Amino acid sequence: MDAFLEGLKHSSTTVQALGISAIGLAGVFITLASFFAIIWLAVKAGGKKA
Amino acid sequence: MDGLLIGFTSVSWQQGVMYLVGAALIILAVTKEYEPMLLLPIGFGAILVNLPLSVVWEHEGAAGFLKVLYDGGISNELFPILIFIAVGAMIDFGPLFKNPFMIFFGAAAQLGIFATMLIATLPPFNFSLKEAASIGIIGAADGPTAIYVASKFARDMLGPISVAAYSYMALVPLIQPPVIRLLTTHKERCIHMEYHEAGVPRWLKIAFPIVVTMIAGFVAPISVPLVGSLMFGNLVRESGVLERLSQTAQNELAYLVTLLLGITIGSSMRADRFLNVQTLMILGMGLVAFVFDTAGGVLFAKLVNLFLPKDRKVNPMIGACGISAFPMSARVVQKMAASEERGNIILMHAIGSNVSGQLGSIVAGGMVLALVPLLVG
Numbered sequence: 001m002d003a004f005l006e007g008l009k010h011s012s013t014t015v016q017a018l019g020i021s022a023i024g025l026a027g028v029f030i031t032l033a034s035f036f037a038i039i040w041l042a043v044k045a046g047g048k049k050a
Numbered sequence: 001m002d003g004l005l006i007g008f009t010s011v012s013w014q015q016g017v018m019y020l021v022g023a024a025l026i027i028l029a030v031t032k033e034y035e036p037m038l039l040l041p042i043g044f045g046a047i048l049v050n051l052p053l054s055v056v057w058e059h060e061g062a063a064g065f066l067k068v069l070y071d072g073g074i075s076n077e078l079f080p081i082l083i084f085i086a087v088g089a090m091i092d093f094g095p096l097f098k099n100p101f102m103i104f105f106g107a108a109a110q111l112g113i114f115a116t117m118l119i120a121t122l123p124p125f126n127f128s129l130k131e132a133a134s135i136g137i138i139g140a141a142d143g144p145t146a147i148y149v150a151s152k153f154a155r156d157m158l159g160p161i162s163v164a165a166y167s168y169m170a171l172v173p174l175i176q177p178p179v180i181r182l183l184t185t186h187k188e189r190c191i192h193m194e195y196h197e198a199g200v201p202r203w204l205k206i207a208f209p210i211v212v213t214m215i216a217g218f219v220a221p222i223s224v225p226l227v228g229s230l231m232f233g234n235l236v237r238e239s240g241v242l243e244r245l246s247q248t249a250q251n252e253l254a255y256l257v258t259l260l261l262g263i264t265i266g267s268s269m270r271a272d273r274f275l276n277v278q279t280l281m282i283l284g285m286g287l288v289a290f291v292f293d294t295a296g297g298v299l300f301a302k303l304v305n306l307f308l309p310k311d312r313k314v315n316p317m318i319g320a321c322g323i324s325a326f327p328m329s330a331r332v333v334q335k336m337a338a339s340e341e342r343g344n345i346i347l348m349h350a351i352g353s354n355v356s357g358q359l360g361s362i363v364a365g366g367m368v369l370a371l372v373p374l375l376v377g
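Protein sequences, first through last, are from chains D and E.
Just so we're aligned, residue 1 is where the first sequence starts under this note's numbering, counting upward by one.
Just so we're aligned, residue 1 is where the second sequence starts under this note's numbering, counting upward by one.
Because the hints were derived from the structure by calculation, they are not lab data.
Hints should not be assumed to be uniformly reliable.
[Stated by the list, open to error] Derived BS3-like pairs (lysine-lysine); straight-line CA-CA distance at most 30 angstroms:
| id | chain 1 | residue 1 | chain 2 | residue 2 |
| --- | --- | --- | --- | --- |
| 1 | D | 44 | E | 313 |
| 2 | E | 310 | D | 44 |
| 3 | E | 187 | E | 67 |
Just so we're clear, the structure is a prediction, and the values are computed from it rather than from any experiment.
Next up, chain D with everything else stripped away, as it sits in the complex (with noise of 0.2 angstroms):
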């Protein structure tokens, strides 16, 4: 991940963007992911309806 931001530092903005796209929207669907295995696992395990 290093090695791959460090090439982008050197890129064109257009690049830069991309990259950051690609990384972004990725980090999106990863961090809503665990927050969807949370919920999941809690319904699943159950307990006291609120």
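Use these hints to put chain E onto chain D, whose structure you have.
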């Protein structure tokens, strides 16, 4: 005598145009009720700051009241943070807990942020990376996030970015339906989705804001002010023991900060900074961001449908609700579903997706805040 007439002699035609811009925002707020709580104060602020000598901003070396508000609420990002506490107290994640898969539409519909950021760096726009990121964040469809990111990366663009963000949020009922219709068939828009009432443990509602804040803190520490304030407001709501504080956050805090935020944003619309080609480009790209957001959500839903059994397919319009404009987007999609086929109710799924968009937008904002400085300092 010249001193007495200085108000008339020092006004420029550019300031005259800004009075019209301010008046147009006020008219939209009053007659069309487009985000009136923000567009009206923004419009009036734009008129105030462009009056001769701009005394409300600065006069004879002393800061005017709008500059005091700007320094105390926008420069240090305090107003957006306070708004987030209020918004957090208003959000009910219940529909998301009952349909957790909807959270992925909240991720897909952030496409507009990144696509627009990319477009903004291309000729003829040629914005710098920080400026492009600030323009792209209009696609968060989330005013406070747009203000927060723009105030960090491109303070000079704060006025047009805020106006674009709030204006397009108000125009969601006009922007989303044509994009959805373009990308879906009538048959797809008529897909019914069953809704199962699932029990949600109370501890989950309380633990969720804490866990989300911690995850955000580890993934993108710079996003903690955004995520943390939103989740603090939500924790106050869900704790069940701070009802008065929750109501205060949802009402008094929200209204008071919104009042000051709007007029302060308006004060950033000084004619010498606002009236240029750049503003037109920002307004144009804000629209592009909303279109890509909608397309991203819808296309992701169609992609998901390729892998789902016939009786469990999702109505792809749900994907469009993954933007943060809550609850307007969910309402728009439910209205479309009902007009395509009478009795087709997808509102709860739409709300789940829409709530996810609020999470998605702040996470995306956090990603932008974390990544851009790694490349350009």
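Going down the list of hints, with the structure as the test:
Under the criterion of a C-alpha separation no larger than 30 angstroms, the hint pairing residue 44(D) with residue 313(E) is consistent with the structure, at around 22 angstroms. Annotation: proposed proximity of residue 310(E) to residue 44(D) holds, straight-line Cα distance about 24 angstroms (limit 30 angstroms). The straight-line distance between the Cα atoms of residue 187(E) and residue 67(E) is roughly 54 angstroms, outside the 30 angstroms bound, and the hint therefore fails.
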